[in-house]
Amino acid sequence: MPRKRFLIVLLLAISLSLLLFGCGTDQARDDQKPGVAKGGEQQQVDIIRLAGGDWGYPSPYAHYPRGPGIFKMCLIFDGLLERDEKGLIPWLAEKYEIKEGGRQYLFTIRDGVKWQDGKPLTAEDVKFTFEYASKYPMVSSYIGSKDIEKVEVVGDRQVLITVSEPNAAMLYNLGLTRIIPKHIWENVDNPKEFTKPEAVIGTGPYRLTGYNKEHGTYRFEAFEDFWGPRQRVKVIEFVPVSEEILAFEKGEIDLAGVTPDVLPRFQNDPQYKIVKSPGFWGYRLLFNMGDYPVLRHKELRQAIAYAIDTKELIEKVARGAAVPGSAGILPPDHVMYNPNVKQYKPDLQKAGELLAKLGYDKLDERGIRQNQKGEKLSFNLLVSSGEVRLAEVLKEQLARAGIEIKVQSVDMKTRDARVRENKYELAITGHGGWGNDPDYLRERFAGRSRGGISPSASGLRGYNNDELNNLLEKQRLEMDDQKRKQLIFKIQEILAEDVPEIPLYYTTGYNVYRPAKYDGWMFMFDHHSLTHSKLSYLERG
Amino acid sequence: MEYLFTIWVIVTLNFLLPRAMPGDPFLYLSADEGQEMARFSEEQRQYYLEYYGLDRPVAAQYLSYLSDLLRGNLGYSLYYNEPVSTIILRRLPWTTFLVIAAVLLSTVFGTILGSMSAWYREKWPDKFLFFCLILLSEVPAFLLGLVLLFTFAAGLGLFPLSGAITHFASYSSWWEKLLDILHHAFLPVMALTIARVGGMYLLSRNSMTTVLEKDYLRTAWAKGLPKKRIIFRHALRNAMLPIVTRVFLSLGSLVGGAILVENVFAYPGLGHLMREAVMVHDYPLVQGIFLVVTICVLLANFLADLVYRKLDPRIGDYSGIHGG
Numbered sequence: 001m002p003r004k005r006f007l008i009v010l011l012l013a014i015s016l017s018l019l020l021f022g023c024g025t026d027q028a029r030d031d032q033k034p035g036v037a038k039g040g041e042q043q044q045v046d047i048i049r050l051a052g053g054d055w056g057y058p059s060p061y062a063h064y065p066r067g068p069g070i071f072k073m074c075l076i077f078d079g080l081l082e083r084d085e086k087g088l089i090p091w092l093a094e095k096y097e098i099k100e101g102g103r104q105y106l107f108t109i110r111d112g113v114k115w116q117d118g119k120p121l122t123a124e125d126v127k128f129t130f131e132y133a134s135k136y137p138m139v140s141s142y143i144g145s146k147d148i149e150k151v152e153v154v155g156d157r158q159v160l161i162t163v164s165e166p167n168a169a170m171l172y173n174l175g176l177t178r179i180i181p182k183h184i185w186e187n188v189d190n191p192k193e194f195t196k197p198e199a200v201i202g203t204g205p206y207r208l209t210g211y212n213k214e215h216g217t218y219r220f221e222a223f224e225d226f227w228g229p230r231q232r233v234k235v236i237e238f239v240p241v242s243e244e245i246l247a248f249e250k251g252e253i254d255l256a257g258v259t260p261d262v263l264p265r266f267q268n269d270p271q272y273k274i275v276k277s278p279g280f281w282g283y284r285l286l287f288n289m290g291d292y293p294v295l296r297h298k299e300l301r302q303a304i305a306y307a308i309d310t311k312e313l314i315e316k317v318a319r320g321a322a323v324p325g326s327a328g329i330l331p332p333d334h335v336m337y338n339p340n341v342k343q344y345k346p347d348l349q350k351a352g353e354l355l356a357k358l359g360y361d362k363l364d365e366r367g368i369r370q371n372q373k374g375e376k377l378s379f380n381l382l383v384s385s386g387e388v389r390l391a392e393v394l395k396e397q398l399a400r401a402g403i404e405i406k407v408q409s410v411d412m413k414t415r416d417a418r419v420r421e422n423k424y425e426l427a428i429t430g431h432g433g434w435g436n437d438p439d440y441l442r443e444r445f446a447g448r449s450r451g452g453i454s455p456s457a458s459g460l461r462g463y464n465n466d467e468l469n470n471l472l473e474k475q476r477l478e479m480d481d482q483k484r485k486q487l488i489f490k491i492q493e494i495l496a497e498d499v500p501e502i503p504l505y506y507t508t509g510y511n512v513y514r515p516a517k518y519d520g521w522m523f524m525f526d527h528h529s530l531t532h533s534k535l536s537y538l539e540r541g
Numbered sequence: 001m002e003y004l005f006t007i008w009v010i011v012t013l014n015f016l017l018p019r020a021m022p023g024d025p026f027l028y029l030s031a032d033e034g035q036e037m038a039r040f041s042e043e044q045r046q047y048y049l050e051y052y053g054l055d056r057p058v059a060a061q062y063l064s065y066l067s068d069l070l071r072g073n074l075g076y077s078l079y080y081n082e083p084v085s086t087i088i089l090r091r092l093p094w095t096t097f098l099v100i101a102a103v104l105l106s107t108v109f110g111t112i113l114g115s116m117s118a119w120y121r122e123k124w125p126d127k128f129l130f131f132c133l134i135l136l137s138e139v140p141a142f143l144l145g146l147v148l149l150f151t152f153a154a155g156l157g158l159f160p161l162s163g164a165i166t167h168f169a170s171y172s173s174w175w176e177k178l179l180d181i182l183h184h185a186f187l188p189v190m191a192l193t194i195a196r197v198g199g200m201y202l203l204s205r206n207s208m209t210t211v212l213e214k215d216y217l218r219t220a221w222a223k224g225l226p227k228k229r230i231i232f233r234h235a236l237r238n239a240m241l242p243i244v245t246r247v248f249l250s251l252g253s254l255v256g257g258a259i260l261v262e263n264v265f266a267y268p269g270l271g272h273l274m275r276e277a278v279m280v281h282d283y284p285l286v287q288g289i290f291l292v293v294t295i296c297v298l299l300a301n302f303l304a305d306l307v308y309r310k311l312d313p314r315i316g317d318y319s320g321i322h323g324g
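Going down the list, the sequences are from chains H and L. The numbering used here numbers the first residue of the first sequence as 1 and each following residue consecutively. The numbering used here numbers the first residue of the second sequence as 1 and each following residue consecutively.
Worth flagging that the hints you see were computed from the coordinates, not collected in a lab. If a hint is listed, it holds; no wrong ones were tucked in.
Computed from the model, here is a short list of chain H residues facing chain L with C-beta under 8 Å:
id : residue
1  : Tyr64
2  : Ser145
3  : Glu214
4  : Leu246
Straight-line Cα separation of at most 20 Å, DMTMM-like style, residue types lysine to aspartate or glutamate; simulated pairs:
id : chain 1 : residue 1 : chain 2 : residue 2
5  : H       : Lys192    : L       : Glu82
6  : H       : Lys135    : L       : Glu43
7  : H       : Lys192    : L       : Glu43
8  : H       : Lys192    : L       : Glu50
9  : H       : Lys423    : L       : Asp24
10 : H       : Lys298    : H       : Glu497
11 : H       : Lys406    : H       : Glu375
12 : H       : Lys182    : H       : Asp111
13 : H       : Lys146    : L       : Glu42
14 : H       : Lys423    : L       : Glu42
15 : H       : Lys213    : L       : Glu82
16 : H       : Lys213    : L       : Glu276
17 : H       : Lys95     : H       : Asp480
18 : H       : Lys316    : L       : Glu33
19 : H       : Lys273    : H       : Asp261
20 : H       : Lys135    : L       : Glu50
21 : H       : Lys127    : H       : Glu149
22 : H       : Lys192    : L       : Glu42
23 : H       : Lys192    : L       : Asp55
24 : H       : Lys362    : H       : Glu404
25 : H       : Lys490    : H       : Glu443
26 : H       : Lys250    : L       : Asp180
27 : H       : Lys357    : H       : Asp347
28 : H       : Lys196    : L       : Glu82
Think of the CB as a built atom: it goes at the ideal place given N, C-alpha and C, for glycine as much as any other residue.
If we strip away everything but chain H, and leave its shape as in the complex, we get:
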């Protein structure tokens, strides 16, 4: 009976393998009880779990250069200032003074602050940090090697920082630099490779009590001797997740980012709260005006702006989870956003008029505009593979205005390198940080730039507007917030008129959480993530 034998062997093999692998038990997580409110105090919770993944050892020098790595480090390390919903607030410095028209900053260091190893924080630590960070740039670096002229300790508790030139963004940069303990770091000369347990001793509200690189887990415990507001979350655990939404639904994590497609699952259910993130992550359409003189015509760039229907882009590509780009560059959620700048509503007629004015008044057999000399409006658009959908919709829209777009898709690093080296005609890039200090407008559009997110290290080639340059320089020196805001408003007007680049849209993700478990989540004024704010985990006054 060979037939039966084989079937029996097969059955045996299957059942054996099931026995071997299937007998693990389902480990229920019953330690996730909602926090209990105590008296009049704000509700406290024992443990919060969030989506993990490896973002590096959370020292200011060893984490990976991405958002989740930065903010984990910030749970351990404090700056002189901190960010709340509206702006900068005193933190390790209880107060500060800007002197000499922005050349000097006098910080008064808070008394009674302890490092997590029990030693007291001193003004010497602060002085040491700025000198050390000028020599060895931190991963998320706010100060360059030549920004600070000298740092002096004044009296017991004050630190006077003299900067090499006034800059309105300097307060932010100095305030957010993470203060590190001198007694630990003074003998370290390869900070990036210094990953001993002492490397994660800060003054912050949380201590690192567990980190596993290959599994991507972190465990942070409230630091008992923390000087500041009481921690509302006693333990924060980061665990790897495969599908964030599934993990959230099963209670494995307590907050998840949701895409618009699955939003209905959580809507109209009192168990969940949905919060929309501010739009501080944006896509930009760049023009290489340096190498392609035709792009230097303001009218051409304006016509392109009129031809683009950002609403359609948002519907089709971002599934509605974005706000249209503002021609003034700064996004609507920015504290210095000017709502009254010229905006380019989709208008093919206006686009056509502008192009005709430039001489592109004839159409070829494919419907592409050309001028007397037969020069066609046809451009190569360089994008990374993740932006192909966006580029294709853009191509269709511009085709309606008689502008031909040829999409070139490469990997992200290649695109970045080619943009950096000006080897492109039109390009799309995307990044965060649009909520930051508006001095980034100077980095993008004035000649003097320190690099970073600006497309070219030498500033924007082929574009020059003296009035804009003057204003960009002036706002840098203006230490009065209100007066500076006026200047930034004016700058946005000029940018909206000149269209040196087109912000396409700023993405706004959705976050969902269970308020009964924990409801302390907040956004910092310039950032789009709830979990990245330190104040999300602390008691608020």
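With chain H held as given, fit chain L onto it using these hints.
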């Protein structure tokens, strides 16, 4: 000697290829959607390029890479900030575990099912198995992974959603820990197994069919040998040769094969790491991972040679070593 030459060629390619990609590890102009980057100034970029010696001529970098390699030093990861060897050694066991389990299971099942099919050739069990397994073999592993994840982990709650172990758990015994690891590995291993079993099935079905028609089997039947002996000693043993080849070749693709499944289950293996390393242009890590893969392939070839000689007496001492 042949192996050494192969290794040298591959090491050199591993060195050159990542550097041929445009951009450098410290160029950050953009980020994945929704992802924030650290503020990275041009000055900082220069600092790091100098720090890691990436501003030196390529020839100088190559020489120091070779001399480091000879001393067993794989270098220091630019992105992950740890010695490359440490990173790889911590993850290799997870991937090895997944892949070996999947290869074993898919070989066993594939061979059994294939032999059954060959035995019942053109009858209904054969047709039925053929149809099912062809269907399964066309489904990519990650899709299977997702289906398994949604039904068995999310829907039925039988298995954990992700990871390789329960995090921050304390085990009372090694037995408990082993169970936990097996419990986590079940779905990823199943996904890989199901994705591979089709190929194994087809191969063994073909091979077995050919062998069953051979003269020596007719002789065996005629001799009146017991059925068991005929199937296992005469038929299967001869049918095994191509299967063994296939097993060792698939061992070679050890690291790459599991990438997608590792991603689906957030499993801490090498595959995911390799993808990341290439994306961020982490030269030392890319070189390290490729080297490990190379060594795996060569090792698998070497083992295949050894096993072949055991299985097939015709390949004797004269065959020498097959080059990689």
